[in-house]
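Now for the letters of each chain:
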Amino acid sequence: MNSISQIIIYLFVFTFSAELRAQNQIVADLSQDNVEISTDFLGAKILLFGAYDGKKGDDIIVVVTGPKGLVTVQKKEKVLGVWVNTQKVNYINAPKYLNISSNRDINKILNQKTRKISEIGLNNLNVRIQPGINISRDNEKNWRKALTRNMLKSKLWSLNENSVALNKDALFRSYLTLPSNVPTGIFNVKILHYRNSKLISKEKSTINVLKSGISAEIYNIAQNYSTLYGIFAVFLAVLIGWTTNLIFRKL
Amino acid sequence: MYYHILINKNENLMYIYLPIAEQPIHSLAIIGVGSIIGFIMGLVGVGGGFLLTPIMMFLGIPSPVAVASVANQLVAPSISGVLSHWKKGNVDFKMGTVLLIGGVLGSSIGVILFNYLAKIGQLDLVIRASYVIFLSLIGSMMFAESMRLILRKKRGKVTRGKLHQHTWLHGLPFKTRFRKSKLYISILLPILIGVLVGILAAIMGIGGGFIIVPAMIYLLGMPTSLVVGTSLFQIIFVAANTTILQASQNQTVDIVLATLLLLGSVAGVQIGAKFTNVLKGEHLRLILAVIIILVSLQILTDLITMPSDLFSVIIRK
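Chains V and C, in that order, are what the protein sequence lines are. Going by this note's numbering, the residue at position 136 of the first sequence is 1607; the numbering climbs one at a time, nothing skipped. Going by this note's numbering, the residue at position 258 of the second sequence is 705; the numbering climbs one at a time, nothing skipped.
For reference, chain C alone in the conformation it holds in the complex (with noise of 0.2 Å):
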């Protein structure tokens, strides 16, 4: 976890101190583990804070602090998708802007939770265990997804099913028309996802796709091609959203390491967003699924081994 030993010479250029994480880091890893980040979002388009908040907190980077710039770096990747989206006529900026209505009450009842954790001492404790809970059920969701997929494929067989299942969550009151999504539901209901999935962007350091873009698609049961458009496009105001109030109430945002961070993911989401048509969607979606389930195992690893001291310290500023 400690990354501050002094670093050889030749290598020195290449550091670059974060003046908010307040410790040093390889500037081009950062940028390629951006670039990556974004090349998968662009691929498969979710992707981009899941990963890279745990990814940053691997490289020692205080959770925090992770949290904060990684939502400020998923603005920049989430506009250049929205604007390539909302040229393709793939966003129903209706349903986006209900959505994101719930997505900035939801991130700003999300950082005064963040800022009580933190108070309490358990901040890093939510954010780990979030992390495990979500991404597990999230991996484990897509893995069989694209695995029946694949299987069906094999197979030849190509069904098509209902428009979208209708449920008594549709029924709730103050319905609304939502024209280029073909829905006619009560807007309470994408109100009430945009709340939630705000509450865990501000405190996972997530744009929420994973998680509001399977809501999009089987509890609100709008069509595949406008969800990752709409779902880009509320995420940047909660990111944005996000960003400001960690800035601050807890001064947190590190606006070097969501540079870095950005310069890569920008290049990586356009890149990845030009290989969808060659690659097949369902085996990146399996591939991704592995790296998800992975990454929750190794972070619920580390909540549930002893670890070798029992005692740490936090030094006040």
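So here's chain V without its partners, still in its complex pose (with noise of 0.2 Å):
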């Protein structure tokens, strides 16, 4: 994104904003809702902006949601002088991904009952733990607590206060970064316009990350013909090591 077209989005969402803070809503778009996983991928960042009808005082948090699913927390313990992992914990339900941003300090603008019930906040998420596994309420909250750890430190999960920029009360921007580990599918992404911890207006889009070009062909190869793509690897490295014979014999 570089700050010409930037600035084209700024006027055009600003001409147009007049109209939308009559209606008492917030507008957003991302610089690109597909992000393709191919040979050159490192990770993106994406732009988020809009406008919105706001006061002074407003807050804007965006919250973007990867795909759910089963994330394994380990433990490791001291075995014969070794360090093994002796007990697991599965989440059911936990975010691949996740990013919350917002203008200021997410404590400031809702109370932590707020924040509980609209599931805003690193450690106010509806992860579940598998049912089967027994563990004492006070290991819970340190399991917890490891999977959010680890998940920050993974990049996967961040906490991004102070990072939605907002101008003049009626436009918003904000950066969002997917490391090269993000995982693949459909990532929600919310934005919610508050004041006085009051939600006035939200937004919902989406983003698609997926798998393209080669890199997504060698995946799904590897994934729906495994043996012949087991087979083809070893032919290819039978030709290789052929070659490379032939060619060094005539040196």
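Hints listed in this document are in silico derivations from the structure and should not be mistaken for laboratory results. Mixed in with the good hints, there may be bad ones.
[What the hints assert, rightly or not] Lysine-lysine pairs mimicking DSSO-like chemistry, simulated, CA-CA at most 27 Å apart:
no., chain 1, residue 1, chain 2, residue 2
1, V, Lys-1626, V, Lys-1547
2, V, Lys-1661, V, Lys-1547
3, C, Lys-534, V, Lys-1549
4, V, Lys-1587, V, Lys-1682
5, C, Lys-601, C, Lys-534
6, V, Lys-1616, V, Lys-1661
7, V, Lys-1682, C, Lys-764
8, V, Lys-1546, C, Lys-535
9, C, Lys-627, C, Lys-534
10, C, Lys-764, V, Lys-1559
11, V, Lys-1626, C, Lys-566
12, C, Lys-764, V, Lys-1624
13, V, Lys-1639, V, Lys-1673
14, V, Lys-1616, C, Lys-566
15, V, Lys-1626, C, Lys-764
16, V, Lys-1675, C, Lys-535
17, V, Lys-1721, C, Lys-535
18, V, Lys-1546, C, Lys-566
19, C, Lys-764, V, Lys-1616
[Stated by the list, open to error] On the chain C side, residues computed to face chain V include the following (Cβ under 7 Å):
no., residue
20, Ile-463
21, Ile-467
22, Gln-470
23, Pro-471
24, Leu-475
25, Ala-523
26, Ile-526
27, Ser-527
28, Trp-533
29, Asn-537
30, Thr-690
31, Val-700
32, Val-713
33, Pro-754
34, Val-760
35, Arg-763
[To be verified] Computed, partial: chain V to chain C, Cβ under 7 Å:
no., residue
36, Thr-1510
37, Leu-1513
38, Gly-1528
39, Gln-1545
40, Val-1553
Everything numeric in this text was worked out from a predicted model, so none of it was measured. Idealized CB from N, CA, C, for every residue including glycine.
Dock chain to chain to rebuild the complex, using the hints, since each chain is given by itself in its own frame.
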């Protein structure tokens, strides 16, 4: 995203914002709503921008949630001098990507109760432990903290307070970073507009993260025609090994 | 371990996204690593997988993908190596075939074991522990052996021992004659060696050269001139079998990673082989022994130092 196109987008949004403001609406768009993971994929940075009908002191929170699924947390213990994974807890329904951005500290925008109800904040997500695992309440907190800590470390979860830029109580923009290990799937984007801790309006959007190009082809073949893929991998190695032998014999 | 922070735009061209490991990697770095390992392989005759797999793991490639992809890449330098040795008549095909029957059997067992260990969540530990045990063992044996040779040469004494030692192992039933190796031993012994090496090959992502070469010399009593070519011959089949089984059972073979590695290694092997007459074997072995010991110490340190976080996450597909 270069600065000229950014300015154009801004002008465009600003022209229409008066009308939107009359309807008490929030509108938003993304610089890209498709992220393709191809051979040159190193991660992506997406600009999220829009207009809202704001007053001084209003807040914007952006929540981006990736596909949800099973995430296992393991705990190591020292066994015979070696650190070994001895316990595990499976979380079902855990987002494999999560980005929460806001214009200021979230606990200044919303109280604990509202955060809990609207599932805003890294520790307020509705992730559940897979039934059948018995752990104490105290322990449960530790495991849950470990989940958050490790997801943050892997860059798949992030909390960016003060990262949403507000302009003249009418425009907002925020950058979204997808790391190179981002999972594929549909990402839900929620933009929430708060005034005195009350939700005034909201907007939803989606980002589709998908594998594309040769990288996607290889992945699909490896999954769907796995034996054939293995045979081909061996064949390719044989071919290259044999060819180099021919080349070097000539030298 | 995490390898995925946004990378400077100017360097983008050098990075390639690995479809199975699901992360970008610097392509020239991988080709470079492949050629250095290939060079060592060509020079010393062993040392492909057992150095390559730990290096891939140090670079942050998930260990199941590292193991399976290195097995894949091993096929190429082994083919290339066998063809050179074959021309010089340094391959005992009969012995190689017996070994590979064991090897294919063993690697199949190995992949099943691999699957089981992944299921109970202890695969990483077993891979690393096996590396510590075998690398330290082989490293110190190689170190002692090459030191003895260097010291003996300095004293200028050359002693010639028996062709090989006879042990009870040679007396097992199903005795067979291996003309090329000038051996008359039980067929069970090479099969058993093949099975053991095959299991390790599948779990550790190695050809098993560093185990099978000493086993052929000290346990079977084969002439040293035939050992490298024959072991490479059986490694082709063990590595190929491991690749196909890993691909079909676990989908862990990253063909892009394997191809980058083997592009480097095939050239490295040939260049290394040309240097064998220039550089002194025992000094090389000494250096390699030190490298192996250092790698095993590194893995051991990782296993015994308390991790900064006792908890870790696995994101399931």
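Tested hints:
As the CA atoms of Lys-1626 of chain V and Lys-1547 of chain V are separated by approximately 22 Å, the hinted pair is consistent with the 27 Å bound. As the CA atoms of Lys-1661 of chain V and Lys-1547 of chain V are separated by approximately 37 Å, the hinted pair breaks the 27 Å bound. Among the hinted pairs, Lys-534 of chain C with Lys-1549 of chain V is inconsistent with the structure: their alpha-carbon atoms are about 53 Å apart, more than 27 Å. Under the criterion of a C-alpha separation no larger than 27 Å, the hint pairing Lys-1587 of chain V with Lys-1682 of chain V is inconsistent with the structure, at around 34 Å.
Taken as a hint, the Lys-601 of chain C and Lys-534 of chain C pair is broken in the structure, with Cα atoms around 34 Å apart against an allowance of 27 Å. Taking the CA atoms of Lys-1616 of chain V and Lys-1661 of chain V, the gap is about 24 Å. The hint holds against a cut of 27 Å. For the proposed pair Lys-1682 of chain V and Lys-764 of chain C, the alpha carbon gap of about 14 Å is at most 27 Å, so the pair holds. For the hint linking Lys-1546 of chain V to Lys-535 of chain C, the alpha-carbon distance of about 54 Å lies beyond 27 Å, and the restraint is violated.
For the suggested pair Lys-627 of chain C and Lys-534 of chain C, the alpha carbons sit about 15 Å apart, so the restraint of at most 27 Å is met. Straight-line distance between C-alpha atoms of Lys-764 of chain C and Lys-1559 of chain V comes to about 17 Å, which keeps the hinted pair within the 27 Å bound. Restraint check for Lys-1626 of chain V and Lys-566 of chain C: the C-alpha separation of about 26 Å stays at or below 27 Å, so the hint holds. For the hint pairing Lys-764 of chain C with Lys-1624 of chain V, the CA-to-CA distance comes to about 19 Å; that is within 27 Å, so the pair holds.
Restraint check for Lys-1639 of chain V and Lys-1673 of chain V: the C-alpha separation of about 19 Å stays at or below 27 Å, so the hint holds. The suggested pairing of Lys-1616 of chain V with Lys-566 of chain C holds, with an alpha-carbon distance near 25 Å, which does not exceed 27 Å. With a C-alpha separation of about 18 Å, the suggested pairing of Lys-1626 of chain V with Lys-764 of chain C holds against the 27 Å cut-off. Taking the CA atoms of Lys-1675 of chain V and Lys-535 of chain C, the gap is about 71 Å. The hint is violated against a cut of 27 Å.
At roughly 16 Å between alpha-carbon atoms, Lys-1721 of chain V and Lys-535 of chain C fall within 27 Å of each other, so this suggested pair holds. Straight-line distance between C-alpha atoms of Lys-1546 of chain V and Lys-566 of chain C comes to about 16 Å, which keeps the hinted pair within the 27 Å bound. Our distance criterion of 27 Å between C-alpha atoms is met by Lys-764 of chain C and Lys-1616 of chain V, whose separation comes to about 22 Å. The restraint placing Ile-463 of chain C at the interface with chain V holds, with a minimum CB-CB distance near 6 Å, inside the 7 Å limit.
This hint holds: Ile-467 of chain C has a C-beta 6 Å from the nearest C-beta of chain V, less than the 7 Å allowed. Here the hint on Gln-470 of chain C is kept, as its CB sits about 6 Å from the closest CB of chain V, short of 7 Å. The interface hint given for Pro-471 of chain C is met, as the beta carbon of that residue sits about 5 Å from the closest beta carbon of chain V, less than 7 Å. A hinted interface residue such as Leu-475 of chain C counts as satisfied when its beta carbon comes closer than 7 Å to some beta carbon of chain V; here the least separation is about 15 Å, so the hint is violated.
Hint on Ala-523 of chain C holds. Least Cβ distance to chain V is approximately 4 Å, under the 7 Å limit. Contact between Ile-526 of chain C and chain V, as hinted, is supported at the beta carbon level, the nearest pair being about 3 Å apart and thus within 7 Å. Annotation: Ser-527 of chain C was flagged as interfacial toward chain V, and the flag holds, the nearest CB pair being 4 Å apart, inside 7 Å. A distance limit of 7 Å between C-beta atoms decides the matter here; for Trp-533 of chain C the minimum to chain V is near 10 Å, and the interface restraint is violated.
Interface hint status for Asn-537 of chain C: violated, as the beta-carbon distance to the closest one in chain V is roughly 15 Å, over 7 Å. Interface restraint check for Thr-690 of chain C: the shortest CB-CB distance to chain V comes to about 5 Å, inside 7 Å, so the restraint holds. With its C-beta approaching chain V no nearer than about 5 Å, Val-700 of chain C sits inside the 7 Å limit, and its interface hint holds. Annotation: interface hint on Val-713 of chain C holds; nearest CB of chain V at approximately 4 Å, less than 7 Å.
Interface restraint check for Pro-754 of chain C: the shortest CB-CB distance to chain V comes to about 6 Å, inside 7 Å, so the restraint holds. For Val-760 of chain C, the suggested interface contact is upheld, since its CB lies about 4 Å from the closest CB of chain V, less than 7 Å. The criterion of a C-beta within 7 Å of any C-beta in chain V is met by Arg-763 of chain C, whose closest approach is roughly 4 Å, and the hint holds. Because the closest C-beta pair between Thr-1510 of chain V and chain C is about 5 Å apart, less than 7 Å, the hint holds.
Hint status for Leu-1513 of chain V: holds, given a least beta-carbon distance of 5 Å to chain C, under 7 Å. At its closest, the beta carbon of Gly-1528 of chain V sits 34 Å from a beta carbon of chain C; the interface hint therefore is violated under the 7 Å criterion. With its C-beta approaching chain C no nearer than about 5 Å, Gln-1545 of chain V sits inside the 7 Å limit, and its interface hint holds. For the restraint placing Val-1553 of chain V at the interface with chain C, the shortest Cβ-Cβ distance is roughly 5 Å, inside the 7 Å limit, so the hint holds.
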